[in-house]
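Undergrad: Protein chains in written order, with the numbering used here: chain Y, 497 to 645; chain H, 497 to 645; chain E, 841 to 926; chain G, 841 to 926.
Take these hints with a grain of salt, some might be off.
Short, incomplete list of chain G residues facing chain H, as computed with Cβ under 8 Å [claimed, not checked]: (1) 850; (2) 887; (3) 899; (4) 920; (5) 923; (6) 925.
These aren't lab readings, by the way, just hints derived from the structure by calculation.
Computed from a predicted model, the values in this text were never measured in an experiment.
Every residue gets a Cβ at the ideal spot worked out from N, C-alpha and C, and that includes glycine.
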Amino acid sequence: MIRVLVQTDAFDLGGEMARLSHISDSVGGISVFMGQVRGQGDGLESLTLEHYPGMTEKVLIGLAEEATARFSLLGCTVIHRVGTMRVGEPIVFVGTASGHRAEALQATAFLIDRLKTGAPFWKCERFTDGRTTWVEAREADDDAAALWD
Amino acid sequence: MIRVLVQTDAFDLGGEMARLSHISDSVGGISVFMGQVRGQGDGLESLTLEHYPGMTEKVLIGLAEEATARFSLLGCTVIHRVGTMRVGEPIVFVGTASGHRAEALQATAFLIDRLKTGAPFWKCERFTDGRTTWVEAREADDDAAALWD
Amino acid sequence: MASVTILYFASLREQLGRERETAAVAAEGESVTSLLSALRAQDSALNALFERTPRIRVAINQALASFQDTVRPGDELAFFPPMTGG
Amino acid sequence: MASVTILYFASLREQLGRERETAAVAAEGESVTSLLSALRAQDSALNALFERTPRIRVAINQALASFQDTVRPGDELAFFPPMTGG
């Protein structure tokens, strides 16, 4: 069961986990990753997430389908927020349900590594002094994504 | 910030995730694993979890401290239920918070792998026909735990 | 006239000051590189942007593509910097 | 008399029909193996249980231990099968 959402609103963590938990009696493990705006002690105030409507959903559904097949998932949820989020606010939720723990844990790592560099999102940082800068892609993220090739 | 609970009650997934999320502005990633009673199509009705009061808490706190040091965690929560749980009910919650995603994801896998074979819990299965059997330890679980040595 | 829609995202959009335009394309299709050369020859701001920006990515019809791939009339072409989601 | 508390868990507790007992121990301490030999000599049910059960684990004062470790008066000793939590 694949659930992909791109939205401006925050998500309901408990509700999303409960949804994965109740997919079927065969679910034995649920793994979740949530990314949020990290304060870096440098006056970061907020992030604005831009995306490519249409392509974003296609890429995320494709990744969820790939993860489901590769890791025998019973459920796979990807929710990515767009718009402006302040320090401490959630950005992304990845949740997977499987019969045994290893599959869910690996699938969650796969999904977050791959969507970082493969889904059309771009982060613009805004600082308390009014300055804005586009976040540079990190080579380490490309490396992490490539480990799943 | 380490939080270890051994309890008969179910836990509040959303509340536990929110607690990890709000530990500090430096939290960038939160990883959670939840294990629940898996129906296996063989008439399993419930699991009863027995533990060694006192030792259980010591072992779990030790694992949480080890994970916190090894993966530079900002937060680490381990909640394990004891008593009787029916198919579909949650058994264990492991949650970690860190600055970057890799540490949280790895720490969660470490904790669940290690507590399976290192914390004094024992599962007794009860089937719909009234039969009960103690779950046998799996060699695969010992192997998974040993990978972190 | 045969045309394609071109979208720009993130820093490219911001620096160009536009997010969308329409461009002429050969009726039988042509490579992204060929189309882009024509566009850059007509637009010095676009030319300067592509010159100073490394690692620009291209998508055709909402799927990642390469600059050697063929763009056909009616396609949706998009240029953007490396992605930074998650 | 110098004694230790002994706890049994899970299938061991169930098969023995008790979860706790007190046993005499040498005042200067002795190995788990030594103490266990004395207990098994006195209790045929305990002896049969240890004979038929592979991989029994031991903890001393709530920490995993080995059968070569020393038990001292006042210690809490526990025997149990391999753990199956999570």
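Undergrad: Per the CB criterion, is residue 850 of chain G less than 8 Å away from chain H?
TA: OK, holds: residue 850 of chain G within 8 Å of chain H, min 4 Å.
Undergrad: For the hint on residue 887 of chain G, just tell me whether its beta-carbon gets within less than 8 Å of chain H.
TA: Because about 21 Å separates residue 887 of chain G from the closest Cβ in chain H, which is outside the 8 Å limit, the hint is violated.
Undergrad: Are residue 923 of chain G and chain H close enough, Cβ to Cβ, to be under 8 Å, as the hint says?
TA: Since the shortest Cβ distance to chain H is 6 Å, the answer is holds.
Undergrad: So, as I understand it, the hint says residue 925 of chain G touches chain H; can you test that by seeing if any CB pair is closer than 8 Å?
TA: Given a least distance of 3 Å, the restraint on residue 925 of chain G holds.
Undergrad: Was the hint right that residue 899 of chain G lines chain H, CB cutoff 8 Å?
TA: Holds, because the Cβ-Cβ distance from residue 899 of chain G to chain H comes to roughly 6 Å (cut-off 8 Å).
Undergrad: Is the interface hint for residue 920 of chain G satisfied, with its Cβ closer than 8 Å to some Cβ of chain H?
TA: holds (7 Å)
In this structure, only the earlier hint numbered 2 is contradicted, and the remaining ones agree with it.
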